[in-house]
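Enquirer: Chain residues, written in single-letter form:
There are 2 protein chains.
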Amino acid sequence: MGPGPSDVSPRVLEALGRPTIGHLDPSFIDLMDDCKRLLQYAFQTKNALTIPISAPGSAGMEACFVNLLAPGDKAIVCQNGVFGGRMKENVERIGATAVMVEDDWGQPVDVAKVEETLKAHPDAKVLAFVHAETSTGVRSDAAALCQLAQQHDCLSIVDTVTSLGGIELIVDAWGADAVYSGTQKCLSCVPGISPVTFSAKAVDAINARTHKVQSWFLDMQLVMGYWGSGDKKRAYHHTAPVNAMYALHESLLILEEEGLDALHARHRLNHNALVAGLAAMGLEMLVDEDYRLPQLNSVVIPNGTDDAAVRATLLNDYQLEIGAGLGTLAGKVWRIGLMGHASNRKNVLLCLDALENTLKAQGVNINEGAVAAAMTVYSDAR
Amino acid sequence: MGPGPSDVSPRVLEALGRPTIGHLDPSFIDLMDDCKRLLQYAFQTKNALTIPISAPGSAGMEACFVNLLAPGDKAIVCQNGVFGGRMKENVERIGATAVMVEDDWGQPVDVAKVEETLKAHPDAKVLAFVHAETSTGVRSDAAALCQLAQQHDCLSIVDTVTSLGGIELIVDAWGADAVYSGTQKCLSCVPGISPVTFSAKAVDAINARTHKVQSWFLDMQLVMGYWGSGDKKRAYHHTAPVNAMYALHESLLILEEEGLDALHARHRLNHNALVAGLAAMGLEMLVDEDYRLPQLNSVVIPNGTDDAAVRATLLNDYQLEIGAGLGTLAGKVWRIGLMGHASNRKNVLLCLDALENTLKAQGVNINEGAVAAAMTVYSDAR
Chain A
1 MGPGPSDVSP
11 RVLEALGRPT
21 IGHLDPSFID
31 LMDDCKRLLQ
41 YAFQTKNALT
51 IPISAPGSAG
61 MEACFVNLLA
71 PGDKAIVCQN
81 GVFGGRMKEN
91 VERIGATAVM
101 VEDDWGQPVD
111 VAKVEETLKA
121 HPDAKVLAFV
131 HAETSTGVRS
141 DAAALCQLAQ
151 QHDCLSIVDT
161 VTSLGGIELI
171 VDAWGADAVY
181 SGTQKCLSCV
191 PGISPVTFSA
201 KAVDAINART
211 HKVQSWFLDM
221 QLVMGYWGSG
231 DKKRAYHHTA
241 PVNAMYALHE
251 SLLILEEEGL
261 DALHARHRLN
271 HNALVAGLAA
281 MGLEMLVDED
291 YRLPQLNSVV
301 IPNGTDDAAV
311 RATLLNDYQL
321 EIGAGLGTLA
331 GKVWRIGLMG
341 HASNRKNVLL
351 CLDALENTLK
361 AQGVNINEGA
371 VAAAMTVYSD
381 AR
Chain B
1001 MGPGPSDVSP
1011 RVLEALGRPT
1021 IGHLDPSFID
1031 LMDDCKRLLQ
1041 YAFQTKNALT
1051 IPISAPGSAG
1061 MEACFVNLLA
1071 PGDKAIVCQN
1081 GVFGGRMKEN
1091 VERIGATAVM
1101 VEDDWGQPVD
1111 VAKVEETLKA
1121 HPDAKVLAFV
1131 HAETSTGVRS
1141 DAAALCQLAQ
1151 QHDCLSIVDT
1161 VTSLGGIELI
1171 VDAWGADAVY
1181 SGTQKCLSCV
1191 PGISPVTFSA
1201 KAVDAINART
1211 HKVQSWFLDM
1221 QLVMGYWGSG
1231 DKKRAYHHTA
1241 PVNAMYALHE
1251 SLLILEEEGL
1261 DALHARHRLN
1271 HNALVAGLAA
1281 MGLEMLVDED
1291 YRLPQLNSVV
1301 IPNGTDDAAV
1311 RATLLNDYQL
1321 EIGAGLGTLA
1331 GKVWRIGLMG
1341 HASNRKNVLL
1351 CLDALENTLK
1361 AQGVNINEGA
1371 VAAAMTVYSD
1381 AR
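Sequence order for the protein chains is A and B. Under the working numbering, the residues of the first sequence are numbered 1 to 382, in order. Under the working numbering, the residues of the second sequence are numbered 1001 to 1382, in order.
Bound conformation, chain A alone (with noise of 0.2 angstroms):
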């Protein structure tokens, strides 16, 4: 229950472990076309190019800048959290510029900032933002965002790492261009793989490039051969994981028989309860509850708790792993992550009963009574 790897369902390790075939193999071709399929259900999306890359969401994150972002090119970058620090990294170590819309940690991304920043630099190339924010639990409102980005003739690049298959994303309608995201937080497969979408008008881009892509592993005229986006030939550029590609197509299968209306509900219901559990302690949230992310939820640790002690007694007494604040909320906050498979009545209530428990042995001052509250809950949902 940290911030990912989430816990990955027995269906999906079963199905990562099955005999390796060749890459090359028509039944792989056919397994890769249904994880094209299935991607473009769970980004909402009719995008061609609707890919996993092969290693996890940083170089997927890479992926989209690098294919889009040329020396000397401008993108504005939103941070308000640990990840748009990383992208701001991605777009120097291109030789482009990245104008910064910084926020507090533990708030969203401000819009009406945003927009004034874009009418500022009108030269802007790109807009990249994070739309759930790992380190903090917050969300940004993606669809304005989008829409600015557009308005300002701007290709908006999402990071929707934590936010797939937990919140509503919806790639088409928002007119999102370049997203990624990672298997490991709410599809509950294993980590090591980014899935990719790319808009008709970011692929008109990256074909219209003058400058060879930095990266050669994800270069995605190279990846988008590979893939057989579009009519042409399939064209070998390395060698799929197929295993762990056994594995998403597995947790896809799943993302799609229980719906994406189904999904995003059981997450909310679970992080009511939880939080409703934190509240009859007496914990607070670090995030308003208008941004709060169901799948990922940022508790203030209380004065004179032990962060790191708790954590050990939770992970050695309890099998529970629950995150540790990240960057400047390091100590300040515990992460607790709520996502796909992992989110589920059982594990609410074991989280809240072993953190009860715990912080009342080491002598924090605490309300009794989590499990209640968070039962009340559920049975309020019937």
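Incorrect hints may have been included.
A few chain A residues that face chain B, going by a derived Cβ cut-off under 7 angstroms, partial list only [stated by the list, open to error]:
(1) THR20
(2) GLU62
(3) GLN151
(4) PRO241
(5) VAL242
Keep in mind the hints are simulated off the structure, nothing from the lab. Positions of the beta carbon are idealized from the N, C-alpha and C atoms, including for glycine.
The hints should help you fit chain B onto chain A, whose structure is shown.
Expert: Positioned in the frame of chain A, the structure of chain B alone reads:
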């Protein structure tokens, strides 16, 4: 029995499917440390920076180039197959210059030509070559080439994707500086991970860089921080592909249990048996005996043979995949892999029998007795 991914051992598949734990869990940190130790044995090195990159071999290649070269640098790149060409792409996308030393496909890198080129380009910073060319089945003299690089004050970058675990590879004794490999060849592990090792000299060069590495994901200073090289505290970089690490760890344990000498002898024996069987049929090998890889056998397709039809019959009727020719060798050779776990008598006999039957059925003029010829090799070896 293609050029990889090779058949994965059941032990590795079992390990792969174990429950996913957090990438910061103390137990996972222990496994990371043990992977480093086992990789040091496999590479025959004491290099502290010996780790798996969380992406396929082509990302391992890119990691070596982007960390050792900066814009304006010069690299000497040897090409005698597909992968030397990919190295050139890597050099040029950095804004560096590649001086090519080209040899025919099917020939090893010409050491004398490399020496001349090093003398003609005293400003070259890197000498790059492929130890075992997966596209042709040729072994080049890595010891001699690494020594030449040292004599001319170059850092050597060595592609060992297909050699690691299949033939002798002694990183420290040879003085190789940046070496990358893949998991999906002679380690008989699932594809998707690239073991790398960097010499102290290479690490010094990385630490002395004034130009940031162009890839954030592959920046070895950040990756080193994550893998805890030296005394530094581990710093979060990306989420490790936890399950793929279980699999790699298991494959390296298997390698250690057998031992490198026995492993290499097994690869040679099965290769000799395969070649005897192919010769009995009257088929020719592409590569001269002195430079042949035992783990990857390029067989010249006899005149009048329908390449694709033979491979389709092998796959559909015998569940046997062999590799097509790549690049200039497309349609001219088959590539038969005998890698790691898949280098065994059962596979040799299956392949010879299936090939003999299929070629005869398709009216190709070959001799009989392939399996008997292979059996003679096994009998003589007792």
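Enquirer: Taking the hints in turn, state whether each one holds.
Expert: Hint by hint, here is what the structure shows:
no.	hint	result
1	THR20	holds (4 angstroms)
2	GLU62	holds (5 angstroms)
3	GLN151	violated (29 angstroms)
4	PRO241	holds (3 angstroms)
5	VAL242	holds (6 angstroms)
Hint 3 alone, counting from the list given before, is not met by this structure.
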